[in-house]
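Novice: What follows is the residue order along each chain.
2 protein chains.
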Amino acid sequence: MTSLLIRNVVHNQKQTDVLIENNTFSRIAPNLNTRTDNVIDGSGKAILPGFYNTHSHAGMSVFRGISDDKELFSWLHDDIWPREARLTSDIIYHATKFSILEMIKTGTVFFADMYFEPQVILKAAAEMGIRVAASHSALDLFDCARCEQEKRKTDAYLNCPHPCPEITAKVLTIHAVYSASPELIRYTTETARKNNMYLHIHACETQKEVDDCLSQNGCTPIEYLDRLGALNEKTILAHAIFLNDRDIELLSRKKVRLCTNPVSNYKLASGVFQFQKLLEKGCIITLGTDSMASNNNLSMLEEMKLCALSAKIQSMNPTAGAAEEVFKIATRNGAEAFGLNAGIIAEGKLADCILVDLNNHFLVPNYNLISNMVYSADSSCIDTVICNGKILMQNHHILGEEEITAKIKELSEMFRN
Amino acid sequence: MTSLLIRNVVHNQKQTDVLIENNTFSRIAPNLNTRTDNVIDGSGKAILPGFYNTHSHAGMSVFRGISDDKELFSWLHDDIWPREARLTSDIIYHATKFSILEMIKTGTVFFADMYFEPQVILKAAAEMGIRVAASHSALDLFDCARCEQEKRKTDAYLNCPHPCPEITAKVLTIHAVYSASPELIRYTTETARKNNMYLHIHACETQKEVDDCLSQNGCTPIEYLDRLGALNEKTILAHAIFLNDRDIELLSRKKVRLCTNPVSNYKLASGVFQFQKLLEKGCIITLGTDSMASNNNLSMLEEMKLCALSAKIQSMNPTAGAAEEVFKIATRNGAEAFGLNAGIIAEGKLADCILVDLNNHFLVPNYNLISNMVYSADSSCIDTVICNGKILMQNHHILGEEEITAKIKELSEMFRN
Chain A
276 MTSLLIRNVV HNQKQTDVLI ENNTFSRIAP NLNTRTDNVI DGSGKAILPG FYNTHSHAGM
336 SVFRGISDDK ELFSWLHDDI WPREARLTSD IIYHATKFSI LEMIKTGTVF FADMYFEPQV
396 ILKAAAEMGI RVAASHSALD LFDCARCEQE KRKTDAYLNC PHPCPEITAK VLTIHAVYSA
456 SPELIRYTTE TARKNNMYLH IHACETQKEV DDCLSQNGCT PIEYLDRLGA LNEKTILAHA
516 IFLNDRDIEL LSRKKVRLCT NPVSNYKLAS GVFQFQKLLE KGCIITLGTD SMASNNNLSM
576 LEEMKLCALS AKIQSMNPTA GAAEEVFKIA TRNGAEAFGL NAGIIAEGKL ADCILVDLNN
636 HFLVPNYNLI SNMVYSADSS CIDTVICNGK ILMQNHHILG EEEITAKIKE LSEMFRN
Chain B
276 MTSLLIRNVV HNQKQTDVLI ENNTFSRIAP NLNTRTDNVI DGSGKAILPG FYNTHSHAGM
336 SVFRGISDDK ELFSWLHDDI WPREARLTSD IIYHATKFSI LEMIKTGTVF FADMYFEPQV
396 ILKAAAEMGI RVAASHSALD LFDCARCEQE KRKTDAYLNC PHPCPEITAK VLTIHAVYSA
456 SPELIRYTTE TARKNNMYLH IHACETQKEV DDCLSQNGCT PIEYLDRLGA LNEKTILAHA
516 IFLNDRDIEL LSRKKVRLCT NPVSNYKLAS GVFQFQKLLE KGCIITLGTD SMASNNNLSM
576 LEEMKLCALS AKIQSMNPTA GAAEEVFKIA TRNGAEAFGL NAGIIAEGKL ADCILVDLNN
636 HFLVPNYNLI SNMVYSADSS CIDTVICNGK ILMQNHHILG EEEITAKIKE LSEMFRN
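Taken in sequence, the protein lines are chains A and B.
Residues in the first sequence are numbered from 276 upward in steps of one, following this note's numbering.
Residues in the second sequence are numbered from 276 upward in steps of one, following this note's numbering.
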């Protein structure tokens, strides 16, 4: 057994000690007289849950800032897709590590990813020590031969060794209703159900997606996914912007998890997530950053702030998107969506947490720490990140960060043109 | 004469030296062989203009996080105003220094402030070395006796010694059309004109302000201010959300400077600034953070990001609010609005600048530094801040920052209830 003691840290406005044994918070009480393998001095710091980023494309970090302020079609066709065609496993590996570096710097302990080469993503996450849910993203463009290939890739993923199974959430991924055939959606859904896995899908990101589905299938993407058996409490739908009342009722009743990505939705001018309405209708919301190509960073702090601000302006009601609610969405709701017994600091929960510096100007005055985290904090406030009982960052430093960043500077040269 | 040489810094994608003599960039060229009083190693860093924050209430920093997610009326009446009544000159002084600390940490070199006790604000700015435009904020609530008092306060401000005149922009301030009588607006406007001063006014922040003005005066706040002679190219209007086409034409023709405060406008659910339309109509836009009570930080980096994102989602057009345009608004436009020959890095310009760390993960890859500053950077990227030729922050550290922050922690205790 490994053990770690965090001494004199602020938890719920009181100073306490926090004992981590193996990967679990085992005791939270003042003045614990325990001999442990490792001790962190928590004085001047507060302990909070880390963030659970439920939608990202970590391999796209080599494209940050390469194309902005463009129409979606031109952005994808002229700038992103031609460069994605030049990606290799090796580049995706380094790009994913770099994304994870930025996630840890900003307090994230888990990410659900959707990209190519799941084995490479899992390897990068295992090396960095962060929790991950990543698999092959099933996409056949309604081509029968390709559908069969995609099924084989999904099968292969099931049998692949996970480099660090204790921090890996089991997931299968479907790209979207406009890019995956009903046959592929059915197969992937059924495979996930049989293997007790989560299912991660892009849904209702644009009005066009909804209009096309209505004209081709006579129903919305939500109804279509439901007909194919894809909607249940283990399903995570990314974006979920364009939903009608029937969709919302269905999503609420089936306890489907929604992932909102406000920065990306604003930057691409996709549309505005119906935050307050969905909350009132009982839908379960989680938060994600999407990729560096459409954000352009992976900070859940910035994502929380826009999530709150967007909810207020959308409803012209400053009480919407309250800080406590948004913080819960970014932590506990994200953990629960992937079946993790985590997201709050309590005995018996998985030992995922961050320590924030209470002397950092962004956290002063400290009338309400959660308000400060949602509306004021940036990465400079995050001192320490612990995931599954292991220290990933301490005193703002991650082991090997200089090399990981230098590698991306080098690799990015080949994508300049 | 004092001199400062910044060696081997990236400027416009090329490595160069930058020579500052007194308060001016005097030479920008590689390999300057000059003996100077001080040398900064700029390697691994880029030089950029600092930010010009054209609307703030720095004294409100003691209220960060004390009241969020509330209706405007309850926020002001129940939480903010009763506490403002307890402010003293001493508290405003320390609170303003603390706000300036956060501004410098996030790359700001100038702020236009609107609060009580201008002498105290000017003193705090002089001690921290940041440029400022602050004066008594004229407000009489249509009370004749109070109007006369307010005029005397404006006169007193004219004759008050400025602790650091070389970094002070001369400004007079009118609170708003709903809080200042026409007599007071006329007097302040005329005084500003006679003394060649700038004029800073809250305008059209809420629909109610416009509706009330229409019913009381038969015209919009913009037309009303124009009738009182308050609109010209030395006028800065904060918020300026609710504008009709005639207002916009007037503001464009008279070269009035608008200051948008997107975070505050979203947080209070006031409304959305018509960014792209105003730009297309030839209006001149600048950027401000408003106060820590409605933001809740003073980061122009976060303000730029929401400014860009808001422009896109408002027009449902991802090409709106382009990074280069938003960066210009936050730098050059703000400097020009207050008559400062600054806001760009060029020989002959005032030596205001920041050095950003090109090895910081948020700035990697570096395809487009301006995109990275608008969409990705946070305070951790800002290494050095120079204002008027003087170093205000180096290696992320500001002289005395621990004491300034500790003082606010102490003072904030008295506002808790």
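In short, the hints are calculated from the structure, not lab data.
Warning: the hint list may mix true and false statements.
Stated by the list, open to error - Taking lysine to aspartate or glutamate pairs in the EDC-like style, the calculated list, with each CA pair at most 20 Å apart, reads:
1) B:K398 / B:E676
2) B:K345 / A:E555
3) A:K345 / B:E599
4) A:K529 / A:D487
5) B:K682 / A:D632
6) B:K552 / A:E599
7) A:K469 / A:E458
8) B:K289 / A:E688
9) A:K684 / B:D632
10) B:K289 / B:D316
11) A:K552 / B:D316
12) A:K469 / A:D501
13) B:K469 / B:D418
14) B:K624 / B:E611
15) B:K345 / A:E599
16) B:K665 / B:E296
17) B:K556 / B:D632
18) A:K529 / A:E508
19) A:K289 / B:E685
20) B:K529 / B:E611
21) A:K398 / A:E346
22) B:K684 / A:E677
23) A:K289 / B:E599
24) A:K682 / B:D632
25) B:K289 / A:D430
26) A:K345 / B:E611
27) B:K428 / B:D418
Novice: What are the numbers of the hints the structure violates, in ascending order?
Specialist: Those not satisfied are hints 4, 6, 11, 13, 17, 21, 22, 23, 25 and 26.
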